[in-house]
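S.K.: Starting from the given sequences, assemble the full structure and let the hints guide the process.
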Amino acid sequence: MAQLPKGEPAPSDGRITKLFDSAQHSFHAYVHIPYCLTRCGYCDFNTYTASELANHRRDEYFEYVLKEISFSREVLAASEVIARPISTVFFGGGTPTLLAADDLIQILQGLRSTFGISPEAEITTEANPDSVDESYLEKLFEAGFNRISFGMQSAVPEVLKVLERTHNPENVEKNVAIAKRIGFQTSVDLIYGTPGESLADWKKSLQVATSLETDHISAYSLIVEPGTKLNRQIESGQISPPDEDLHAQMYEMVEQVLVEAGFRNYEVSNWARGVDSRSKHNMAYWQSQDWWGYGPGAHSHIAGNRFWNVKHPAAYAERISQAISPALERELVDSDNRVVEKVMLELRLVDGVDVQWLRSQGLAGPKIVAELIADELIEGASAISGRMTLTPKGRLLADAVIRKVLEF
Amino acid sequence: MSPRAKTALEPAKTNPELIRNFCIIAHIDHGKSTLADRMLQLTGVVDDRSMRAQYLDRMDIERERGITIKSQAVRMPWELDGQTYALNMIDTPGHVDFTYEVSRSLAACEGAVLLVDAAQGIEAQTLANLYLALENDLTIIPVLNKIDLPAAQPEKYAEELAELIGGKPEDCLKVSGKTGVGVDQLLDVIIRTVPNPVGDPNAPARAMIFDSVYDTYRGVVTYVRMVDGSLSAREKITMLSTKAVHELLEIGVSSPEPEPTKGLGVGEVGYLITGVKDVRQSKVGDTVTTSLKPATTALKGYSEPKPMVFSGIYPIDGSDYPNLREALDKLKLSDASLVYEPETSVALGFGFRCGFLGLLHLEIITERLEREFGLDLIATAPSVVYEVTLDDKKEVTVTNPSEYPVGKISKVLEPIVRATILSPKDYVGTIMELCQSRRGNMLDMQYFGTDRVQLRYDMPLAEIVFDFFDNLKSRTQGYASLDYEENGLSEGDLVKVDILLQGEQVDAFSAIVHREKAYAYGVMMTSKLRELIPRQQFEVPIQAAVGARIIARETIRAMRKDVLAKCYGGDISRKRKLLEKQKEGKKRMKMVGRVEVPQEAFIAALSSDTEKKGEKKGK
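Residue numbers (this note's numbering), protein chains in the order written: chain A, 1 to 408; chain B, 409 to 1027.
Hints were generated in silico from the structure; no laboratory data involved. Treat the hints with care, as some may be off.
Said to hold, decoys possible - With the C-beta cut set under 10 angstroms, the calculated list includes, among others, these residues of chain A facing chain B:
1. A219
2. D245
3. E331
4. V333
5. L345
6. K393
7. A400
Even glycine gets a Cβ: it sits at the ideal position worked out from N, Cα and C.
M.R.: Structure follows, in structure tokens:
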């Protein structure tokens, strides 16, 4: 499973060391649901199957989260961080929809009663196409949820099999249609570059995905994470490793197909039909807003503090029961590192980064900008008018551009 | 068996007639150090408790490789027919790179034990050293070692030895250094057959330096063989070559730990300590005399060591440059044959051009630098010394391919060596093929016994320097042995091949090769680099060129993808740390134009798979 980053120990009272006043930043909530029916071979998320969690009651999980919500309110007050109504809520996992709809709704109500939720807030949950049905989705909608992100990954059964995704592809189509009919904004997640997947396979998945007429599509190249079953299969030679050149071709294909279908890329791996259908929650991450992440292994970012909770659900439950902060470690992001993060995150966005601002940070001298333009990694016209934005080629080499701009 | 001597003879007063000075000539691995161990035990100078394997080999590297780099002398008492004698065993370095040191060690002896592995027979280096011993008029005692091995064929190799040095096969002693069998008889035979040293006790003192060792605590320890007169403690001595005067702080013999004595007399072997800190002030082959009553004529045979092989040595971490300088300065204290001067490479930064006696010497020095001084180093491909004459008659000495002159060259001279290869006869064909392909010129071929052959070739040293030995070993399943000695200069049809990355020349990869091999070198190097250099955001051509002419080309395709797919809330810290790590990693990158080349690529490209330098344990 993915390792947590390395930080300094977080204070046991959870207190935040305000590095700056973030009152002007919006406030967001992430809720982690650490459960899955089965573990997929490529996945390194902080999630557990029932058999991995003996003596653990999923049906009590929401109560711990509710306790963390009250705790977070106290911490913010004690740390003199001004409370703001929540702008977006995102339930992720794991598989949030493995919990009863009422459990998710209880958590949402807890957030609402504690902080207040803006009337126009985006409230999303991830969903496994197999674990929801019409009544489940209706319940969520009534309670205020307004966006569903389905884990589709692929429309090709062979590819799903390599990924060890067990869902029935037909359920994606069915449940997206239901969600839309109810009134949800919809999105699907796709994965490309799975070992064995051909360009034709990928094209097929894209065609199916666009035919669903969702508002939003995310497409990620498969990352072989250390510690996953897939990684072991590749290292032992059972499965051939992903081909980065093929990934590049597939990326070019997704850009082309989605643009033709009316989508516009707004972040390296994300496309939306219009500005309004972008994921506001994810935009908050990329624009370094404040958010609290609830649940085991969840990450928070408040006023220059990044902190993350203990990973294991049992350890999390233990801390919450004893009224100890579930935060394991933290990192105080100083102003230099805030510049690094801003470049690292915002260069990936369609609007890019303001060139004058980069200059004010001593970055992106004329020679570097000119070279990036010459190498067709950033848009020349845009750079001249003051924004550094990536070309499609630059998106594929975004990390190289970021290093160059930061002079790393 | 002769008993251990009850009391050893007192140094400085020993009658030369009771002294025997001998050395052991043997191939690496034929058991010289083990035999020496048994002698130390048998004569009682090292008791069983403090015995350790290969007692005389001081450095770890020596013990690990089973070779002796620095020789030493040990004085051992032994009794024969009721008379006690003093035996001085002078341990000789066993490798071709140290021929000069071997010759000085031999010059300190009257006899030599020719030690041959009874399972393997004589090898080329042993022949070379035997040749030197015969030149020095030493009495040779043929001995077959390892007779305890099941594979031993003592009769066969006794015949081979008899044929080689004259005499009867049955005169050949058979011993086992491992079990000790026959070692006491050997000591007896040494006393009976090796002539005692002869000198004039009343003449001005003359002692020949046959070894000079740097000791961290005591400074330079100089090993000498007294020829005429005597030396005594607290006396002022003069080095005849430099006229430098030193005070003798200590004089003594090793047995094998140093034991101070009142002095050294005719024929004796011992050590001197003067407090000097640099072996260059105490040169092997030089003559030591007293300042009070100096000798006027030096003992013959002294010559300055001359480096044959050059390599650029660079620290991987540029900030280690001062440490490398310091380490070389320290090694120089104990190794007069090491030469170096600062050098700059566009690709590798600041380093030193170092000159070595040969490939093994190069390998030992780089290994010591890494091991004893904790340095991470890159060594460029070894090069020999070229004498280049330009059309305008100007002459240039080139020890670094990147200094090869551009412009009209009228003549290039390269060093030639005379190589002696000894091998079972089955491999003659493949050896001849190899030597042919390395521009070898066969001189003669000679059979030893029924199944072994000696081949002699004149060959450019540059060809030997470039993975010849490994090739020889692999073609002969490890059975062939090689020795070579300098044999002048010869004109060669040579060109410099440059390697270009995106049009930029990479100096570290330039090589001077025979015109006919330029293409092969170009193809080898460009394809290797294509594998080693990571893809960049742009296409990178790799070219090999002779002058302006491109002779080989490869292309590194542009990298098309370098982006993390997901960067959400929990990924941000990790991602930033990854960037920081990449920033650190970039410090290990060398920029060639716009191309980032990892240090590892340089190291890998410079150390070819087959290019394991120097002599390794065979079989």
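S.K.: Now look at each hint and say whether the structure bears it out.
M.R.: Structure-based check of each hint:
1. A219: holds (8 angstroms)
2. D245: holds (6 angstroms)
3. E331: OK, holds: E331/A within 10 angstroms of chain B, min 6 angstroms.
4. V333: holds (8 angstroms)
5. L345: Cβ of L345/A sits 7 angstroms from chain B, so the hint holds.
6. K393: holds (8 angstroms)
7. A400: holds (5 angstroms)
Of the numbered hints stated above, none is contradicted by the structure.
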